[in-house]
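**Q** Residues per chain, in single letters:
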Amino acid sequence: MADLGDDLRVYFDRLVDQAAVATGDPRAATRPDRGRRRASRLVVALVVVGALVVVVALVGRAQLAGDRSTPMRDVTPPVVTDVPVPDVPVACGDVLPGTPTLPEGLVGPIPGPAPDNPVPPRNAEQLVVHWTDSVTYVEWRWPSDEDGFPTVPQQPPDPNLGMGMALLGVQGPDGSGRFSQTSYYNSNTLPPGCQTISRRISSDDRAVIESMRLESIRLDVGVATP
Amino acid sequence: MGFETFVHDVRPRLARAFLAAYGVERGQEALAEALAYAWEHYGELRQMENAAGYLYRVGQSRSRARRHAPMLLPAPIDIGLPDVEPGLPRALSALTERQRVCVVLVHAYGWTHQEVADVVGLRRSSVQNHVERGLGRLRAAIGASHG
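Protein chains in written order, with the numbering used here: chain U, 12 to 237; chain C, 1357 to 1503.
Calculated from the structure, these hints are not laboratory results. Computed from a predicted model, the values in this text were never measured in an experiment. There's no promise every hint is true.
As the list claims (entries may be wrong) - Label pairs and their in silico Cβ distance ranges:
#	chain 1	residue 1	chain 2	residue 2	range
1	U	GLY104	C	PHE1359	25 to 33 Å
2	C	ILE1435	U	ALA102	45 to 53 Å
3	C	ARG1446	U	GLN29	18 to 26 Å
4	U	THR110	C	GLY1492	47 to 55 Å
5	C	ILE1435	U	PRO122	32 to 40 Å
In this text, a Cβ means the ideal position worked out from N, Cα and C, and glycines have one as well.
For reference, chain U alone in the conformation it holds in the complex (with noise of 0.2 Å):
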């Protein structure tokens, strides 16, 4: 085995100095590619702007043009439907709206999804933080994701917290030995669009999210909401 033990040392040794090479310096290595990643993301946004204000203008000279020449069309009313108003981002705020009460040890607010989380910030102006002890990850997202709160059932809210809150139950182990549970929060005292708050637990032990879960790890927004 101790061959096998020295080839592998040796094919890794030589694969982590390439590494070392192509990673560079941390600082500095990563940056001009997201700059590159933004850059090219920024050109195609430009490019579909610009197309949708030709498209505009396009449309807009061929209703004038037929205006012009059939001055006596029949008008008809516009037809009023149910359209589901856009999604709109709303900026709730840089800071969850109260203070989370989590267990001893965790480090944070650290900005951004928890790294085991696979779904992405909703938009840019979700407020998404999370705190750990590098196993365990307790994240807030703030207002939760859109498919969270309204296909849970609502519990009324409690009367000392001014919130509703639904648990989910624990899913899990996922690819990675992973056990995750998201519980939803809303509250009629925050702003329209921001009444919506989600924190999820993850773990590789499923009993620690249980312990965590009935524990009250909550949001205290009746203490800290102006």
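Starting from the known structure of chain U, arrange chain C on it as the hints suggest.
**A** For chain C alone, kept in the frame of chain U given last:
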């Protein structure tokens, strides 16, 4: 601990783990992403007991876009190692991700099962199982390639 000292400590461990898990292409991307994240969030990371384990998961999730890409492990001779078993990359590729990373970290670098468990986010007993099964498959594959 300054950032450079932190990176000096954590980088080799992450590099070995990512390369063993994902091969060259995704492994390098995962490493770069994890270290970039470390630079951005060093204030929080320095407070963690197991920052390497946290960064492993960061690299894992941020390189997820490449998860369907084939695992690339070059032939030893192509990276200047003619004396290394030529069937090694193919045999490693046949293992599961967890078996591969556990076998490499334990048998190539002498990590303890607990050290692997901390970084990769597994239980110690799971690491032991992955090492045993992975090693068995690796021996069989390399033995078969010689047979």
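**Q** Would you say the C-beta atoms of THR110/U and GLY1492/C sit inside 47 to 55 Å of each other?
**A** holds (52 Å)
**Q** I want to verify a distance hint. Is the separation of the beta carbons of GLY104/U and PHE1359/C within 25 to 33 Å?
**A** holds (30 Å)
**Q** Could you check the hint for me, namely that ILE1435/C and ALA102/U are 45 to 53 Å apart, CB to CB?
**A** holds (50 Å)
**Q** Do the beta carbons of ILE1435/C and PRO122/U sit within 32 to 40 Å of each other?
**A** The hint (32 to 40 Å, Cβ to Cβ) holds, given that ILE1435/C and PRO122/U are roughly 38 Å apart.
**Q** Tell me if the beta carbons of ARG1446/C and GLN29/U are separated by a distance inside 18 to 26 Å.
**A** Distance hint for ARG1446/C, GLN29/U holds at roughly 19 Å.
Checked against the numbered hints above, the structure violates none of them.
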